[in-house]
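In order, the protein sequences belong to chains E and L.
The opening residue of the first sequence carries number 1 in my numbering; numbering runs sequentially from there.
The opening residue of the second sequence carries number 472 in my numbering; numbering runs sequentially from there.
Because the hints were derived from the structure by calculation, they are not lab data.
Among these hints, one or two may not hold up.
[As the list claims (entries may be wrong)] Just a sample of chain L residues kept apart from chain E, beta carbon distances all over 12 Å, derived:
1) V488
2) M491
3) M498
4) Q500
5) A661
[As the list claims (entries may be wrong)] No more than 25 Å apart at the CA atoms, straight line, and that leaves these computed lysine to aspartate or glutamate pairs for DMTMM-like:
6) L:K638 with E:E46
7) E:K406 with L:E636
8) L:K638 with E:D336
9) L:K638 with E:E290
10) L:K543 with L:D579
[Unchecked claim] Where chain L lies over chain E, by a calculated footprint (3+ residues, C-beta under 8 Å):
11) 345-358
12) 414-420
Nothing here was measured: the structure is a model prediction, and the numbers come from that model.
Glycine included, C-beta positions come from ideal geometry on N, C-alpha and C.
Now for the letters of each chain:
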Amino acid sequence: MPSNTTNKILVLALAAVALASPATPAGDQQLSVYAPVATYTLPVLERSGHVYVGLLELLEPLGRVSSESAASSWKIRYNAIDGEFAVGKRRCRIHGRDFDLTAPFQVENARGLVPVASLTTLLPRFLGAPVNFHESSRRLFVGDVAIQPSFQLETGPLPRLLLNFSAPVNPTISTEPGRVRMVFKHDAVVSPGSQSISFDNKVITQANYSESNGVAELDVDATTPLLASFSNNGRTITLAAAPTNTPNAPSTPASAGTANPPTAAPAFGNAPASAGRPLAVVDPAHGGEERGAALTDNLAEKDVTLGFARLLRHELEGRGFAVLLLRDADTTLTLDQRAEAANRARAAVYIALHAVSQGTGARVYTALLPVEQPSQGAFRAWNSAQAPALPVSRSVAAACVAELQKRQFAVHISAASLRPLNNVLMPAVAVELAPGNNDVAALTSANYQDQVATAIAEAVASVRDRLGAQQ
Amino acid sequence: MIPRHLLISVAAMAVLVVAMGIYAGRMRQRAREIAPEAETAPVAAPASGPTETVTLYVADDAAGLLRAQPAKIPLPGGRQQRAEELLRTLLRIYQQPGAAHPLAPAADVRSIYLIDPGAAVIDLNAAFADQHRSGILTEQLTVNSLVETLAANVPGIRRVNILVEGKTRDTLAGHADLTQFFDVQAVGQAVAGQ
């Protein structure tokens with residue numbers, strides 16, 4: 001009996017702790033921005049009861065931006081628009097006109113922070129375009145980018161629900177008993193008009209739309225398991241009741257956000273944006289709080305990799321690839337999140353980008369994996385998921401070396417224990433830029449980056465036929 | 472009345488004491504000048520045992536590879552002590568001025584645990600990782616150098632794990648993944664291919 005009492009107390013205490021804990025840790029709060037030129041997420045900060053975001057980071061993916069910090073003021077220039085803010089004051093001046101923020105302007109580590117509640121009136125002055133801000137869910141739409149969903153139910157013995165979107169989408173899809181959940185993090189999906197739609201059907205009963213913390217979520221309730229598939233170049237998701245006598249039907253996929261995600265491809269995903277083109281995932285290493293190597297006192301590896309990634313995207317797109325940049329702003333991504341994004345996108349190739357202050361030329365790496373792989377049966381181990389694709393990865397690396405050498409670059413090729421290379425399913429390489437002659441400025445030189453980006457894009461295009469063989 | 476001869480004796484002894492004091496002071500100063508400055512560099516290998524020829528795999532940043540370098544060092548008999556001594560000898564090469572792959576002067580191996588069958592765990596000190604230069608190549612060369620040197624001279628090691636201050640660390644300095652065991656055969660193939 002005493003032990004039962006103790007157990008009850010323990011359970012009650014645990015329950016009390018669980019209830020007292022916030023549902024989402026403060027560090028995970030984010031703002032999603034959807035614009036015609038880029039979609040990205042940024043961390044937000046809570047200061048004195050107000051939610052803030054870095055203005056420079058917010059504008060950086062949208063145009064040319066620079067900032068200047070002084071003791072009591074902070075200036076920013078976006079394209080040709082100047083903004084001036086006073087530290088601790090609400091009054092600011094943008095393009096010659098005064099404007100009041102909803103909370104005092106703040107500066108932390110030379111980063112200018114503005115309250116997110118002011119974005120709807122602040123941003124149009126910089127961008128010259130209308131913005132639509134869903135403040136409670138922190139989703140910011142710049143221009144006419146909203147993607148509208150509509151529903152079409154086809155009844156019958158195995159009913160199907162067709163979700164039609166006005167543009168291609170690529171949600172994370174998971175299932176739980178009686179529900180299919182679609183989370184739209186990178187798609188500007190907005191409410192279908194009503195938060196809840198009921199269907200006059202015994203199998204597919206209801207759809208619910210919600211938004212929070214920078215993402216939109218669409219849940220479809222059903223009384224039997226549903227299968228999802230993409231069509232119409234990613235503009236249509238079809239949810240169909242699974243036949244009960246199909247032994248090979250996909251099992252319930254793992255939900256998004258698993259701490260150590262399985263490498264099995266998502267049951268329903270593909271790369272809709274690619275529309276027949278092979279998809280290249282470009283991963284600018286580091287980002288956000290994780291700065292990577294300090295190349296100089298003012299230049300971090302994360303900044304060089306991001307700039308170079310944008311160039312490489314341009315070069316790959318010019319050679320017929322669809323390109324997914326894993327981050328298009330100064331945001332933090334874990335290594336597992338990077339691998340998971342590449343695996344879910346079912347990319348044809350994964351390219352990680354790094355930079356270093358010592359050495360010369362470029363270095364190309366493939367995964368360093370154990371020589372003898374254990375028998376894996378139907379599943380692949382997370383830490384050696386790359387193994388089946390490694391021969392093609394080496395071909396990609398060899399092609400990169402050949403193209404770089406054609407352009408007179410000193411090249412080093414090797415295997416490296418570098419995550420997330422070993423966690424991705426598709427052919428994967430990492431490229432590390434080195435300045436040469438200890439001149440770190442060369443890393444940011446347009447000529448140097450152009451040449452390396454061209455070489456890598458040429459190399460990937462040259463082995464295009466071999467990519468995707470592991471998919 | 473003090474006898475005169477006694478006064479002369481006392482005066483002579485006083486002069487002698489003063490002279491000896493001056494002489495001792497000068498000797499002390501001279502000894503200070505001749506004595507070498509305090510030795511701050513690592514001392515010779517403290518291990519005792521027969522001198523053996525071993526092969527150290529020494530990293531060269533500029534060339535981006537490891538070079539096999541024979542060395543004669545006294546090695547103790549126990550496998551664990553032998554492994555520790557090997558890596559400390561390797562570190563001393565990296566800590567010399569002008570080393571081709573410099574490591575921090577305070578970098579050290581805290582301990583090595585050999586776990587049968589075939590696993591070795593290297594426990595590095597915090598200075599080793601905290602002051603290591605960041606970059607894929609330089610970090611991987613360090614890892615390869617430790618693994619290859621250990622595997623080449625301590626028979627039976629097939630997998631190596633690297634800890635820092637007794638704990639698992641994500642990366643050495645932002646790149647080389649330390650969360651997994653390194654497969655000696657795979658590292659050997661990578662080194663051979665460089």
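For a quick check of understanding: which of the numbered hints are violated here, in increasing order? 5, 6 and 7
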